[in-house]
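The residues making up each chain are set out below.
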Amino acid sequence: MKPVLELKNVKVSFDTLDGNVAAVKGANIIVRAGETIAIVGESGSGKSQLMMGAMGLLAANGKAEGKALFGDQNLIGMSKVQLNSIRGSKITMIFQEPMTSLDPLYTIGNQLIEPIKRHSHLDHTAARMRALEMLEFVKIKEPERRLRSYPHEMSGGQRQRVMIAMALANNPELLIADEPTTALDVTVQAEILELMASLQKKMGMAMIFITHDLGIVKRIANRVYVMRKGEVVEEGDTKTVFAKPKHEYTKALLDAEPSGRKSPTSPKAPIVLSGSNVRVTFNIGGGFLGSPVIQLKAVDGVSLVLKQGQTIGIVGESGSGKSTLARALLRLLPSQGAINFEGQSITGLDKTQMRPLRKQAQIVFQDPFGSLSPRMTVGQIITEGLIVHEPAMTKAARDLRAIQALEEVQIDPALRNRYPHEFSGGQRQRIAIARAIILKPKLIVLDEPTSALDRQVQKQIVDLLRDLQKANDLSYLFISHDLAVVRAMADYVIVMKDGAMVEQGSVDDIMDHPREQYTRNLMAAAFSN
Amino acid sequence: MTDVVAMKGRSLWIDAWNRLKANRAAIISAIYLCFIVLLTIIGPNLTGHEFTTQYPSYVRVPPSIEPYPKADKLDQEIKEIITRAHLTLKEWKQEGGRFLVTVTSTKPIDDRVTRYLDRSDSFKDGKVESKSTDGMEMTLSASVQHLYFFFGTDISGRDLLTRTLMAGRVSLLVGLLAGMVAVTIGVLYGSVSGFLGGKTDEFMMRIVDILYALPFTFFVIMLVVFFGRNFMLMFLAIGAVLWLDMARIVRGQTLSLKRQEYVQAAEAMGVNSWGILMRHIIPNMLGPIIIYVTLLVPQVIILESFLSYLGLGVQEPMSSWGVQISQGSRNMEGASYLLIIPALFLTSTLFALNFIGDGLRDALDPKDR
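In the order they appear, the protein sequences are chains A and B. Per this note's numbering, the very first residue in the first sequence carries number 1; after that it's consecutive. Per this note's numbering, the very first residue in the second sequence carries number 1; after that it's consecutive.
Simulated from the structure, these hints should not be mistaken for lab results. There could be a bad hint or two in this list.
Here's a subset of chain A near chain B, in silico, CB distances under 7 Å, partners left out [unchecked claim]: (1) 355; (2) 358; (3) 363; (4) 365; (5) 367; (6) 370; (7) 371; (8) 372; (9) 373; (10) 374; (11) 375; (12) 388; (13) 392; (14) 419.
Under the rule of at most 20 Å between Cα atoms (straight-line distance), these lysine to any residue pairs were calculated in the SDA-like manner [said to hold, decoys possible]: (15) A:359 <-> A:379; (16) A:351 <-> B:197; (17) A:351 <-> B:196; (18) B:258 <-> A:376; (19) B:258 <-> A:352; (20) A:351 <-> B:216.
Listing some non-contacts, in silico: residues in chain B with all C-beta distances to chain A over 12 Å [stated by the list, open to error]: (21) 13; (22) 130; (23) 147; (24) 245.
A virtual CB, placed ideally from N, CA and C, is assigned to each residue, including glycine.
Just chain A, same shape as in the assembly (with noise of 0.2 Å):
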């Protein structure tokens, strides 16, 4: 079959203050029409870099070299008119971020409608019909009254079904989809899959994913490009390279499933925290002159018992209360309903009154890029709580602790002078485990810690806070969408739906014999490879 799109030895690179940085080192890679090809690789190994230099939509201090050959046109090079009249109608893109990638302030009629009149040449009634069709095409209820509604009225996954419409509504010969699912939830994930795969069938064009999971490779791609550091180390039928991964790196990424389980606690344990019939209301508007508040429940009547060196997962999707209720339990958000802490009753306790309390508990956050203050160093980082709950201490001690700290968790403590955003995610998030743990807590709500990370290193953080638990008695409120990750760290699991707990049981119990609707399209979303 004759190819769609060609890169030959394409190469990126960027100007910085540092000197030029090569994002990409030369890559070939062919599409050909009616076939579905993946681009696989870590964080920062130059997938996105390499799409976006070939579509000539690299930030200013970018530089694209090489062949991408579309048909006879080489699109590196090429003039920003004449790209133009290529993308948006013969090649399109959908984006990771369908929160950013639609215009907040036009209705979803006005996006679709423009671009079908720009490059299909046809009047407003003809467009508008084929804006309605493509609405349909991909899925969406009600498209007569979608189209005037805008992108605020909508979920993630309509909107990102509205940026598939947009981007096939053209009959476009290429389709690139960078992430396209990452951001949203795990269910949603699931249908965004598979519309695109039933659209890719019915159409016939070809598509390009671009993701950092094997699991959506495994269901889409025909043929698979893994890339590593700017290069591609591997390539070759998805089945082939599945069954046998040629270079080192593809094993590593398909080892990368957290595996192992958490051994069991011993039912004797003392309890560590206990929470019954927690709720958590917000009230929203209101305030000088405003409108009358509302309600909204966030946590509704959510009840758990953690025993010492137990995990209890919390999951469930976003919006469905987890980390309101995690954060009612540290009383960082006020709540009703009875918390009790190492056989302490902690209810109505103020800031102050908290404050010893809170060198027990811990919490280690998502995003390891948010939750490290960029101004300190990593040192300044970790002893923080120290100078706050042992004054006493000195700085030789302090710096002591801090080495011992970055020590267990598996990074270089000579590096402790060193500023956050010198290190990648995963270190990160060592870092920030390294702060939890360095008050030796009882207990560490864990929210979402590995979910913003690469399946490898997930992995790794995976086996080190398993490992921590086991050194330390640790208890562990683990909070997560992914059920491949609870089920290898978690004894105990509660669902979560809309604030309610719909579910509880022991991991095998959920993982087994799920009895929920809800919590079997979680379990398919998490383990579809």
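Keeping the supplied structure of chain A fixed, place chain B upon it in accordance with the hints.
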């Protein structure tokens, strides 16, 4: 294990500094600004004129790199002096750097007549050389006093160079001090308001809104009426108005920083409000604050000029660039240099400050570009 040598990290400040160094406009502006600051500090002592000295003989003389008095003016000058002394000029000549004048009178001439020469700005060291026996004719000598007015003189005959540099001192000082007043009040007010949030925030920001509603000139006139004209009042008036912007900016920054996960992490660790404010919020806010200050200082200088232009600002014999421009604009015809020179100083300084501000913004917030 106890002795692990720590490697040095590269902080965001160093990154920002490297980015700033690459910005040529900002660096040239910074050098220029340093030059202007130095000039206004030491310059007035080097010009050879006091900023208050008036030279009645040289009122509104144009800028020149040659010394005054000019040779062609000496004849006229000496005639004026002799007429003023009620004497008759017989002849004058220059001899070996000294200036010899022979005068006659109908009455005997008093020796103290040399004072008329000394009193003039063109001559000094007047002496009686010889005297006729009847005392009706006298030869006086004096040396010519060479004065340099590189920027010319103003309507009162004061050296414009010295005055411009002095005025620059005042303008920059007002800019800096009033800027600091605005920043200090604004940062404290804004961060407290943003950090405490809720009802307190609401109340504090409504006060800001009310103050915004006061017309600025009216406010200053009120202050002048109550407290009289006063240099310090300028700082107060300008600072009191400009902190409002600062407070709003800082409040917004605080609100967004407060929701950062590292602040939540610190809260979960039991760090008290003061620690969070000092260790997490303010250091992360410094970037925008510095940027705003470099853009605030020119604003203050312009406001001061405006007030001075209206006659509410700095008082004679002190001056500021605004005052000078105001005076210069009245002499636009005939002595346009009186307007152009201070205006050049003011605008170039403002340009430099704005370029530095832009450079800092790019350096500290690379994402905003």
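So, going through the hints one by one against the coordinates:
A cut of 7 Å between beta carbons decides the hint on residue 355 of chain A: the least distance to chain B is about 4 Å, and the hint holds. For the restraint placing residue 358 of chain A at the interface with chain B, the shortest Cβ-Cβ distance is roughly 3 Å, inside the 7 Å limit, so the hint holds. Because the closest C-beta pair between residue 363 of chain A and chain B is about 4 Å apart, less than 7 Å, the hint holds. For residue 365 of chain A, the interface hint holds, the least distance from its beta-carbon to any beta-carbon of chain B being 4 Å, beneath 7 Å.
Using the Cβ-Cβ criterion of 7 Å, the hint placing residue 367 of chain A at the interface with chain B is satisfied: the shortest such distance is roughly 6 Å. Using the Cβ-Cβ criterion of 7 Å, the hint placing residue 370 of chain A at the interface with chain B is satisfied: the shortest such distance is roughly 4 Å. For residue 371 of chain A, the interface hint holds, since its Cβ comes within 7 Å of a Cβ in chain B; the closest pair sits about 4 Å apart. Because the smallest distance between the Cβ of residue 372 of chain A and any Cβ of chain B comes to about 6 Å, under 7 Å, the interface hint for this residue holds.
Because the closest C-beta pair between residue 373 of chain A and chain B is about 4 Å apart, less than 7 Å, the hint holds. Using the Cβ-Cβ criterion of 7 Å, the hint placing residue 374 of chain A at the interface with chain B is satisfied: the shortest such distance is roughly 6 Å. Among the interface hints, the one on residue 375 of chain A holds; its C-beta lies about 4 Å from the nearest C-beta in chain B, closer than the 7 Å criterion. Nearest Cβ of chain B to the Cβ of residue 388 of chain A: about 5 Å, under the 7 Å cut. The hint holds.
Interface hint status for residue 392 of chain A: violated, as the beta-carbon distance to the closest one in chain B is roughly 16 Å, over 7 Å. Below 7 Å, beta-carbon pairs count as interface contacts, and residue 419 of chain A has one with chain B at about 5 Å; its hint therefore holds. For the given pair, residue 359 of chain A sits about 18 Å from residue 379 of chain A by alpha-carbon distance, which is consistent with the 20 Å threshold. Between residue 351 of chain A and residue 197 of chain B the alpha-carbon distance is near 16 Å, which keeps this suggested pair within the 20 Å criterion.
The hinted pair formed by residue 351 of chain A and residue 196 of chain B meets the criterion: a straight-line CA distance of about 14 Å does not exceed 20 Å. Annotation: proposed proximity of residue 258 of chain B to residue 376 of chain A holds, straight-line Cα distance about 16 Å (limit 20 Å). Under the criterion of a C-alpha separation no larger than 20 Å, the hint pairing residue 258 of chain B with residue 352 of chain A is consistent with the structure, at around 19 Å. The straight-line distance between the Cα atoms of residue 351 of chain A and residue 216 of chain B is roughly 43 Å, outside the 20 Å bound, and the hint therefore fails.
The claim that residue 13 of chain B is not at the interface with chain A is violated, since a C-beta of that chain comes within 12 Å of its own (minimum 8 Å). Distance to chain A confirms residue 130 of chain B as a non-interface residue, since its nearest Cβ pair spans about 80 Å, more than 12 Å. Against chain A, the non-interface label of residue 147 of chain B holds: every CB pair exceeds 12 Å, the least being about 52 Å. Separation of residue 245 of chain B from chain A is adequate, the least Cβ-Cβ distance of about 22 Å exceeding the 12 Å criterion.
Taken one by one, the earlier hints fail for this structure at numbers 13, 20 and 21, listed in ascending order.
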